[in-house]
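Numbering (our numbering), first residue to last: 1 to 359.
Derived DSSO-like pairs (lysine-lysine); straight-line CA-CA distance at most 30 angstroms:
| no. | residue 1 | residue 2 |
| --- | --- | --- |
| 1 | K276 | K191 |
| 2 | K152 | K170 |
| 3 | K37 | K211 |
| 4 | K355 | K104 |
| 5 | K211 | K152 |
| 6 | K167 | K178 |
| 7 | K178 | K211 |
| 8 | K211 | K192 |
| 9 | K191 | K37 |
| 10 | K210 | K241 |
| 11 | K258 | K132 |
| 12 | K10 | K355 |
The following label-pair restraints were derived from C-beta to C-beta distances:
| no. | residue 1 | residue 2 | range |
| --- | --- | --- | --- |
| 13 | S59 | D230 | 28 to 38 angstroms |
| 14 | T16 | S164 | 16 to 26 angstroms |
| 15 | E338 | K142 | 49 to 59 angstroms |
| 16 | I137 | D313 | 34 to 44 angstroms |
| 17 | S173 | S340 | 51 to 61 angstroms |
| 18 | I265 | S59 | 44 to 54 angstroms |
Hints were generated in silico from the structure; no laboratory data involved. Built from N, CA and C at the ideal position, the CB exists for glycine as well.
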Amino acid sequence: MSRPYLIIPKLVPQPTWGGNYIANLKGWNNYEDLATKKIGQSYELSSASLLSIDILDSSDPSFFNFVNNYQTNGTIPVRKLVPNINLLIKINQALGNSFQLHIKPGVNDPFWKAKPESWYFLEPGHISLGVKNEVNIGDYKKACLEIDTKMKELSMGVQSSKISLNKARKKASEFIRKINPWQYVNLYETKKYELIDLSEGAVHHSWEDKKIEGFTGNIVFEVQLEAMDDVATIRSFDQGKIQDDGSIRVIQIEDYFKHIDTNPIHNSYESLKKSKIGQQLFRTPFYSVDILEISNKVSVETGEEFDHLYVRDGAVNVKAGGVSVRATAGHSLFIPREVSNYVIENAGLPSVVLKTFID
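All chains, full assembly: derive it from the sequences and hints.
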């Protein structure tokens, strides 16, 4: 087990807001099985991740077969190497998701769990982040409640065949534009490689749509503590979405406004946006992320628990324990703590690697 492994990513289709960016990123755009799928997320590491034992090159065609079928033969569960792993690393292609927040770490709530998270934008994005300074929270809550009441009315109308789905969606859009919940939150254009740290929790956020040609969504390398959405993500507004069967998402307006942090300092872009310091991208109490520029080769010591390597650009060979594993851009490797140290060398082109670890 003292060797590097390719991580078999779990691709998650999202028909309403996914796309082909992730498939292209991983060099899988020519695979017929992905041609008609809109992939919204790629799980690069989770407690359920599988590690490839025999495939030592992410460009090996047989590697995609493992991903596509998510088979277990020839793999090792990451939990066998790290029994208590609770880190989730994803690549996202997303837009138009709900207004949401996660409770602050350390807050004792009978239901909700904290989910500290940090974002690294791989492409320019469009987000809402924090409530506006001196916003009237009562007015904001009233707007969310009015929209929720209208959405429930339209949902019942569709499900009882009193209104068509298309007409209900149109009415929802018109009503929401009139109420305009975005007036209460900060909207920002993020730049490529921008860093946003939400690990302190309780700050409003969403990945927004941008009605311009060529915008394919928010492309984000995201690190967070692993917690299921239904016990960690508190929503106040779901962008007026009505499913094909007329159903709508259940949202948690009361809890959202119970837990929201309205401190202007905590909601300011200046405090949430982080800057690269040397190799450091993020330092939080829960995880850290460094950026490594591999022009030739570097020797690295393993973190306290493990290292996760994501190849942002180029291609690398990672060597340890007599094993060399090659990973191209868009792919991830897992380095168990038993390795203690390893070598990353570029595989022909200058490369950039994101290293996530626990101090």
